[in-house]
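Asker: These protein sequence lines map, in sequence, to chains A and B.
Using our numbering, the letters of the first sequence correspond one by one to residues 2 to 424.
Using our numbering, the letters of the second sequence correspond one by one to residues 5 to 355.
Think of the hints as simulated: they come from the structure by calculation, not from any bench.
Even for Gly, the Cβ is constructed at its ideal location relative to N, Cα and C.
Don't take every hint at face value.
[Stated by the list, open to error] Among the chain A residues that face chain B by a calculated CB cut under 8 Å, a handful are: (1) Thr-154; (2) Gln-158; (3) Glu-159; (4) Thr-160; (5) Pro-305; (6) Thr-307; (7) Val-314; (8) Gln-321; (9) Val-326; (10) Pro-329.
[To be verified] Some chain A residues well away from chain B (every beta-carbon gap over 10 Å; in silico): (11) Met-9; (12) Arg-49; (13) Arg-118; (14) Asn-133; (15) Lys-177; (16) Leu-201; (17) Ser-224; (18) Gly-316; (19) His-325; (20) Gln-330; (21) Val-402.
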Amino acid sequence: MIAPAAIMIFLFFLMPVVLTAIFAMTNMSTATGISGGAWQVTQGAINRLKADMPDLAGGIAEPRFVIDEEGLAALEALKIKAGFSIELRTSHMGEVFPSRREAERMIKALKDRPSTREVKQISDLFNRSVLNTRFENRDGLMASLNKLGFTLTPAEQETVAAATYTGWVWTTENFKIIGNSPDMAQIFLNTAFYVSVTLLLFNVSYALFLAITTHYMPASTASIFRAIWLLPRITPVVIYVLMWKWLTWDSGFISMFMGQFGYPVKNYLLDSAYNAWFFVILINGFIGASMGMLVFSSAIKAIPQTQFHASEVDGASRWQQVRHVILPQLRWPILFVTCYQTLSLLASFNEILLSTRGGPGRATEVWSLAAYHTALNNYTGNLEYGLGAAMALVLVVVGIVLSLIYLRIFRYDTLISKPLIED
Amino acid sequence: MRILLDKFSKSFGSTRIIEDMDLEVGSGEMLALLGPSGCGKSTTLFAVCGIHRPTSGRILFGDRDVTHLPSQERNVGVVFQSYALYPHMTVEENIGFPLMVKRVAAADIKKQVADIAALVHIGDLLGRRPAQLSGGQQQRVALARALIRRPDVLLLDEPLANLDAKLRLDMRSEIRRLQKETGITAILVTHDQVEAMSMCDRIAIMKSGEIVQIATPSDMYKDPRTSFVASFLGNPPISFLKGRAQQGAFVLGENGLRLPLAALSGIADGTALSLGVRPEHFGTAGGVPVEGRVVFAETQGRENLYDVVLPDGSVLRSIQPVRDDVKPGDSVRWNLDSASTFVFAADGQRL
Ligand SMILES: Nc1ncnc2c1ncn2[C@@H]1O[C@H](COP(=O)(O)OP(=O)(O)O)[C@@H](O)[C@H]1O
Ligand SMILES: [Mg+2]
Numbered sequence: 002m003i004a005p006a007a008i009m010i011f012l013f014f015l016m017p018v019v020l021t022a023i024f025a026m027t028n029m030s031t032a033t034g035i036s037g038g039a040w041q042v043t044q045g046a047i048n049r050l051k052a053d054m055p056d057l058a059g060g061i062a063e064p065r066f067v068i069d070e071e072g073l074a075a076l077e078a079l080k081i082k083a084g085f086s087i088e089l090r091t092s093h094m095g096e097v098f099p100s101r102r103e104a105e106r107m108i109k110a111l112k113d114r115p116s117t118r119e120v121k122q123i124s125d126l127f128n129r130s131v132l133n134t135r136f137e138n139r140d141g142l143m144a145s146l147n148k149l150g151f152t153l154t155p156a157e158q159e160t161v162a163a164a165t166y167t168g169w170v171w172t173t174e175n176f177k178i179i180g181n182s183p184d185m186a187q188i189f190l191n192t193a194f195y196v197s198v199t200l201l202l203f204n205v206s207y208a209l210f211l212a213i214t215t216h217y218m219p220a221s222t223a224s225i226f227r228a229i230w231l232l233p234r235i236t237p238v239v240i241y242v243l244m245w246k247w248l249t250w251d252s253g254f255i256s257m258f259m260g261q262f263g264y265p266v267k268n269y270l271l272d273s274a275y276n277a278w279f280f281v282i283l284i285n286g287f288i289g290a291s292m293g294m295l296v297f298s299s300a301i302k303a304i305p306q307t308q309f310h311a312s313e314v315d316g317a318s319r320w321q322q323v324r325h326v327i328l329p330q331l332r333w334p335i336l337f338v339t340c341y342q343t344l345s346l347l348a349s350f351n352e353i354l355l356s357t358r359g360g361p362g363r364a365t366e367v368w369s370l371a372a373y374h375t376a377l378n379n380y381t382g383n384l385e386y387g388l389g390a391a392m393a394l395v396l397v398v399v400g401i402v403l404s405l406i407y408l409r410i411f412r413y414d415t416l417i418s419k420p421l422i423e424d
Numbered sequence: 005m006r007i008l009l010d011k012f013s014k015s016f017g018s019t020r021i022i023e024d025m026d027l028e029v030g031s032g033e034m035l036a037l038l039g040p041s042g043c044g045k046s047t048t049l050f051a052v053c054g055i056h057r058p059t060s061g062r063i064l065f066g067d068r069d070v071t072h073l074p075s076q077e078r079n080v081g082v083v084f085q086s087y088a089l090y091p092h093m094t095v096e097e098n099i100g101f102p103l104m105v106k107r108v109a110a111a112d113i114k115k116q117v118a119d120i121a122a123l124v125h126i127g128d129l130l131g132r133r134p135a136q137l138s139g140g141q142q143q144r145v146a147l148a149r150a151l152i153r154r155p156d157v158l159l160l161d162e163p164l165a166n167l168d169a170k171l172r173l174d175m176r177s178e179i180r181r182l183q184k185e186t187g188i189t190a191i192l193v194t195h196d197q198v199e200a201m202s203m204c205d206r207i208a209i210m211k212s213g214e215i216v217q218i219a220t221p222s223d224m225y226k227d228p229r230t231s232f233v234a235s236f237l238g239n240p241p242i243s244f245l246k247g248r249a250q251q252g253a254f255v256l257g258e259n260g261l262r263l264p265l266a267a268l269s270g271i272a273d274g275t276a277l278s279l280g281v282r283p284e285h286f287g288t289a290g291g292v293p294v295e296g297r298v299v300f301a302e303t304q305g306r307e308n309l310y311d312v313v314l315p316d317g318s319v320l321r322s323i324q325p326v327r328d329d330v331k332p333g334d335s336v337r338w339n340l341d342s343a344s345t346f347v348f349a350a351d352g353q354r355l
């Protein structure tokens, strides 16, 4: 009986987190691909090598010319003067020339006097440069380097292999980037601001305000109010955000309205960071408030009517009733909504993506949106899956830590304490 | 403080619950509002404490018209049937709540709570929460909370309904003791006639939103104004015989029992009547012999209870000191004390 549930939990709840954690420990990106890679001395690899092994880096960047059996066979196949290959085999076999110029000087000096065109033709056959050659395995690269006259210690081989590998590797680099980059710090602050302000002002306070005021209204009026406040939640988010755009963009309602008073037309959503935040928080707040309102309303409904009667005859004013009877009994729903909404605000970015896309500039870029941009969608086209996953993992950890803190603050243990009855 | 209801009416929407009720509760008096469930007792009580606004009529405390005062300003203490304790507060906070919202100093509250808690014997429970109390303890907390502001009026809505039998007995005398000690004017709402009779100075008996009779418990028992009142008071209850008037006498069936009664002089022959006989007035004492067959016998320890079927099929109940010589199925010839019976007209009015 428990097996299907366990499998579902594993597949749909644990697996994503586990996979995220695994990806976070790699440098996977569009460039590396997600399957294995090859060894290739690219210009990038040479740049990486320059710091540790300047000689080698300079050396392998240049073409190399080696007189070997393979080249001789190719030369013979060309069927130009047989004397070239014979002389090269007898007097130059195994020689290595660090540059094309030196190799060609030797070829020009051959007894059969090759023409300039033939010198070029022959030298090409002995060009053994590794620059931009793909090796399917590490040993192939090392053998080639060896043949070119680079004798490397095992430690040096390791460095070269790491620098030239084009696939992904295990690394903790992502977390260093997250920890050290000022961009990340800014995005972190954006996120903290966005989550705490939306949560406090709308998802909890405004929702409480709505729940309490509708509680004191006649039932029919209250349900109309609640229905209106549910609209943002039940409207498809694309349409909902589109309405905000109509309201705020250059030819939108606000622009037209302000135009009446002589203000220039502008995009109120994106014209300044201040405005962008203002609308981002409103857009999300109006959606978020409806859930809190429903949860709090039903929690207030669950308080027996006689408690309200009792507090009235005990002399409590409306405000005292709210303060001493309603709010203390909403502790658990408030904890729930705070927790749930913190997590959903941390994790969801669709409204921001659809409205400001994180702009203007990166003013409203929040953590989850940044992770999305890093890993799945950005302008440069190099999608850094590893870094994006690391950012997502940070989000998961932050969410768990915050939940634990909330449980402490709201003294969860006292909420579930056992009764002790005796007659 | 005197409570006066003057032509008080209450409707919920188009449903009229109470119409033109007049009721006066004397200062320091404890009055029972007694009636079957759904007759409007709680509605009346809630109007007195201000939770419901009257549809029409006036409510006076002393000479002060409180009809339009919100409950916060009426200075009433109410014990609700469900106690309505605040589950998130300790006993101490619950009892102190009426003072706390009046912004009485914390030290004062503590002292007064301690005093009142001692009065209702829950001094050692102050740190607990309602969920950690038994029904009886919750009851006392509710009582203490109702009394702590020294209200002008104490209202109790079926305060004992949720207690077990033994506890109910204790709390009955306990509440009465507190009411007498504090000298407070009180209204007790109950559907239990024993509670009403044992605790209150007077009983107002209600039926479908109307007060049928107001009297002291013993007067009401001895002199019920309607058959409803007679049937509501007394345990085991009164039994009724259906018959007709004939020359100043009550006649049961053809050639059946014939009881000459003073109350029937001047009543036209053939008028449909109902004769109420309390169980203690049928059995050993009395002057009119009645024949019948015992169909049910039950001992209650000190007394025995019998149901006797008369030849016409109607049933009389009898309560007598314990005896072992009568069993179900036996034919008996017992005496009826006709002077203590009540005759009612067909509409239930006493004649
Ligand atoms: N808030 C209300 N709305 C509508 N009808 C009510 C309301 N409260 C009570 N009633 C009705 O009024 C009648 C009397 O109720 P109540 O005073 O509670 O009776 P009881 O004598 O049992 O305390 C009942 O029929 C009940 O259904
Ligand atoms: Mg009631």
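Asker: Taking the hints in turn, state whether each one holds.
Answerer: The hints, checked one at a time:
1. Thr-154: For Thr-154 (chain A), the interface hint is violated, since the closest Cβ of chain B sits about 74 Å away, which is over 8 Å.
2. Gln-158: violated, 71 Å
3. Glu-159: violated, 66 Å
4. Thr-160: Constraint on Thr-160 (chain A) not satisfied, violated at 66 Å.
5. Pro-305: Since the shortest Cβ distance to chain B is 7 Å, the answer is holds.
6. Thr-307: holds, 4 Å
7. Val-314: holds, 5 Å
8. Gln-321: holds, 5 Å
9. Val-326: holds, 6 Å
10. Pro-329: Holds. Min distance 4 Å.
11. Met-9: It holds; Met-9 (chain A) is separated from chain B by about 36 Å at its closest Cβ, greater than 10 Å.
12. Arg-49: Arg-49 (chain A) is indeed farther than 10 Å from all Cβ atoms of chain B, at 64 Å.
13. Arg-118: holds, 99 Å
14. Asn-133: holds, 74 Å
15. Lys-177: Per Cβ check, Lys-177 (chain A) is outside 10 Å of chain B; nearest 48 Å; holds.
16. Leu-201: Answer for Leu-201 (chain A): holds, closest chain B Cβ roughly 23 Å.
17. Ser-224: About 18 Å separates Ser-224 (chain A) from the closest Cβ of chain B, which puts it past 10 Å; holds.
18. Gly-316: violated, 5 Å
19. His-325: violated, 7 Å
20. Gln-330: Nearest chain B Cβ is 6 Å from Gln-330 (chain A), so the label is violated.
21. Val-402: Per Cβ check, Val-402 (chain A) is outside 10 Å of chain B; nearest 28 Å; holds.
Of the hints listed earlier, those the structure fails to meet are numbers 1, 2, 3, 4, 18, 19, 20, in rising order.
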